[in-house]
Structures are given as structure tokens and as C-alpha cells.
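Q: From first to last, the protein sequence lines are chains A and B.
Under the numbering used here, think of the first position of the first sequence as 1, with each following residue one higher.
Under the numbering used here, think of the first position of the second sequence as 1001, with each following residue one higher.
Please note that the accuracy of each hint is not assured.
In silico DSS-like cross-links for lysine-lysine, where the CA-CA straight-line distance does not exceed 27 Å [unchecked claim]:
(1) A:Lys72 - B:Lys1254
(2) A:Lys168 - A:Lys25
(3) B:Lys1102 - A:Lys16
(4) B:Lys1054 - A:Lys72
(5) B:Lys1054 - A:Lys25
(6) A:Lys115 - B:Lys1254
To be clear, the hints were calculated from the coordinates, so they are not data collected in a lab.
Every value quoted in this text rests on a predicted model; they were computed, and no experiment measured them.
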Amino acid sequence: MAKEDRVVGSADEMAKTSWERVNDKVHVWPYLTRLEFMCAIIITIFLVVWSIVIDAPLEEPANPSVTPNPSKAPWYFLGLQELLVYFDPWMAGVVLPTLIIVGLMAIPFIDVNPKGNGYYTFHERRFAIFTFLFGFLVLWVWMVVQGTFLRGPGWNFFMPWEYWDPHKVVALTNVDLPYMLGFRSYWSQAAAGTVMIVLWYATIPAYYIWRRERMKNVGLVRYLIKASLNMTMMGIVAKMVLRIGLNVKYVLVTPWFNI
Amino acid sequence: MPSLKERLNLDQVKRNVLDSQVWRSMFRHGYEDTPRNRVLMVVDNLWLHLHPTKIRRHAIRIRFTWCMGGVTFLLFLYLVVTGVVLMFYYRPVGEYAYADIKYLEFDAPFGMFMRNMHRWAAHAMVIAVWLHMLRVFMTGSYKPPREFNWVIGVLLLTLTLLLSFTGYLLPWDQLAIWAVTVGTNMARATPLLGYEGPFAEMVGVTPRFDARSALLGGTIVGPPTLLRFYVLHCIVVPLIAAILMMVHFWRIRKDGGISGPL
């Protein structure tokens, strides 16, 4: 194997001392600049050919009195539009997007694992990679794909071979989870919903106490932020399962907001 | 009779040009393949001096970097160039916007091509920025000392989506206003600040004066929205993004260059 072709993280590479690894350098000109130049040419050719072959879409002039069905957000926001099936707009459109951005920014500060800095590895940081890929591939990329190709008129679900029938009727038989569990009065339902939400997040301190030896190098504040973000992400999944599997509308119903 | 070539003596002409005061005032050195010249090529060039003169061997491997940060920046540059061309033809006014797009498509020289380039480069940039984030995560490059540059990167990702979203409205067709209507409807559910959001009645926001109407300049996606999104798309967001990009690139160098096994 040529010297340039050594794989990062290979046994050969890792067998070297730290000093050797950091100081094994090549000139930027020409070794990097020629690559950047090739990359730029390939991207340019690709973009020019694409722009010659496929025209950008342009529909009828804007008309506020004619609403198309389905009305879809730009494709990269369809993951958020998909969340509207499971949550009210204040959650799906405001709170959860904010948490996504804040959560992404928090990653370097809540991941205290010193390993895997600057090379590809899975086994040295299983939890971090699993969590990120789950959020990125399942909750973001897959939702975008589903929102683009499988959501038709009325935001109803259509398989790829099905006709997008604007008159498709889907029975809305959703009920609130507390009602399903037998709570009938308004306030008992609100109390039951609160208890369920509290129980969901109570796993956070419980896990901390159970694994307090392990948590020493994480720290309490860091752990609380990390675990809250994680449980919220898994909470989205839980709500999706409840909605699709059991036709649950809300878990918590209050006079001010519903979750 | 010497031939024309002999009389011209092209080598002498070339030498005269390269040694002239004018040429040497612009280009300080040639292409000799010496270690000193390789270094000068980078440090003497405004566009290349973002780079260090030497780089760790693994960092030039496509399999390590995917080249996606650079591709994102390249696409941004294409968007600036094609965007400026589109601005020559486009007026962000309810009565004109759609007609200007039609003019651009059918009458302006290379208008359709410029619009296509702008649109597809915008979509490609969103994908490139996601792949860049994925690569940086998978190599653990956000770990110390590069935590803050990851934060800047997340802000740039958000700005990329905002740039794409504000630009989505400008063709002023059905696709545009309804996509932006769906997107901005969320703002009226903002807790406290949107009139349909939780606790809105405590703050006293109304459909005309809440988070959504501040964004739209009214209660629906109308001509005031078009102007607002145009200004955001062409001035506000690109400026902020450009500033953050400078910080992003500068921090790569200051945090010890591209990440790698220590």
C-alpha cells in the first residue's frame, strides 16, 4: 500500500506514536489543492448538467384563495410537518425544532467520552453514534422521505403504488390516553396525564441513582441535560407508537395546552 | 530568412513578460516544484491562505472528509453568483414577482439556466450541509478542542435552512406561498408569543400582533411577506452566514487544524 493510502485508524496507523501521527504531514500545495480543484470541477459539471436537463418548478401564480391539497412545507421541513400528526403546533413547530437546534449544539458538551476524537470508530462510542444516527436517519431523513413520497391529500398515508385519492376518508377515532385508561372526569384525566409525563421523566433521576458510580465523571447538571434531551427524543417515538398503534390523541390534556 | 517563430523567439517574450515589473507586481513567484515554492503558493494567495502550508496525511483522504464542508462552501459561492444575476431581473413586489420569473425563464439570456442553477444548488447545499454534519459527528470531530466550532456549524446549518426557506417564497407561485404558509403557520402557535399558542391570552397577543405577523408583515402570506423574505434572503441571512463562515473557517485553524487521531 502506498504511503498516502494508509487507512485512518488502521492497526498500522495506530501503532505509531502520537508524535509520529500528528507530524506525518504533506504539503497543501499540491496534494490538497488539486483534490479541492477536482471536487469543484465534478460538482460544477454535475450542477451544470442537472440545471440544463431539469427545470426548476414554477406553478400557477400565488393565489391565497386556492389551497392545494396536500399543502406541503419545503421538503427539508417535512420531518417537522410529520410531527404535526402526533403533536399540537406549539410542540411540533416551535418547542421541538428549538430543542433539536439546542440539542445539536449541546452535543460536544454532554458527550464526555474522550475516545473517538478525529477518527472513525463505532465500538468506542456505541451509545453516541446510535443516538445520533437514530435521530438523523430515522427521525429526520426517513421522515423527510415519508413526507415527500408517502403523504398525499389530507396528509393521509399512501403506499407508493396507491393513487393519491383526495376523497380518501380515514376515520378519526383517536381518544386521549387517560380516557382510554378509564379516567372520565376532566380533572382526573389531567392528573392521570400529568402522572404519566412525570413518570416518563422520572426515569432520569432513577437511572442516575441506579448508576451513580458511573455518573461521577459525567456530573449532575450535564447528566440532567443529556438525559432530558434523550428522553424527549424517545418521547416523540413513544407518542408516535401510541398514535399509530393505539389511536391515542393526547397523553396530557389541560385547559392551556395538550401533549 | 529566419522563420517567424525564430524571429519572435517566444521564450524570450515569455521571459520578458514574466520578468516585467507589472507581472511580478501581481504574481510573486512561478510554479517551480520546490518545497519553498509549495509553501509560498499557499501563503502568498488570498484565496488559498485559509489553508495551512502543510496538512496531516489522513486529512487529504476523501474517505475521511467526504469533502462535504468544501462542497457546501462552493455551493454557497455559486448561490451568491447566480443569486446576484437573478436580482437584476427580479422585483419583490406582489404585482411583478411572478411575471419577472416568467420573463427570466423565457426572455432573459440564460435566465432559466441561472434560475435552475440557483434552485438546484440550494437543494444540494442543504444535503451537503447535512452530510458534512454527519461526517463531523462520525469522526468525533466536535470533541475538545473543537466544541465551539460545532456550535457555529449548527448555527450555519440552521441559517442554510432559513436561506432556503426564505428563497422558497420568492417565485411567488402556488408552490411558494403555500409551502411558506404551512411553514409559518407554526409561528402562531409559539407559546406566549403566538395568538394560538399556550398562554397567549396572558400576554394578550392578537392575530395582527404576534410572532407570526411579525414574520409575515400581516395576517397572511401576502406582498409584505414577499418583501420581508426578499430582504432576509438577499441581505440579512447571507450576511450573518458569511460572518459565521469566517468564524467557522478561522476556528478550524485555531483549534489545531482538521481533526485526526492524536
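Q: Against the 27 Å threshold, does the CA-CA distance of Lys1054 (chain B) and Lys25 (chain A) hold or violate the hint?
A: holds, 6 Å
Q: Keeping to a limit of 27 Å between CA atoms, is the pair of Lys72 (chain A) and Lys1254 (chain B) held or broken?
A: The hint is violated at about 42 Å.
Q: For a C-alpha distance cap of 27 Å, please report whether Lys1054 (chain B) and Lys72 (chain A) respect it.
A: With Cα atoms ~48 Å apart, Lys1054 (chain B) and Lys72 (chain A) exceed 27 Å; violated.
Q: Need the status of pair Lys168 (chain A), Lys25 (chain A): alpha-carbon distance at most 27 Å?
A: violated, 63 Å
Q: With the threshold set at 27 Å, check whether the alpha-carbon distance from Lys1102 (chain B) to Lys16 (chain A) stays at or below it.
A: violated, 62 Å
Q: Check the hint pairing Lys115 (chain A) with Lys1254 (chain B) against an upper bound of 27 Å on the C-alpha distance.
A: Holds: Lys115 (chain A) and Lys1254 (chain B) sit about 22 Å apart, inside 27 Å.
When each numbered hint is compared with the structure, violations occur for hints 1, 2, 3, 4.
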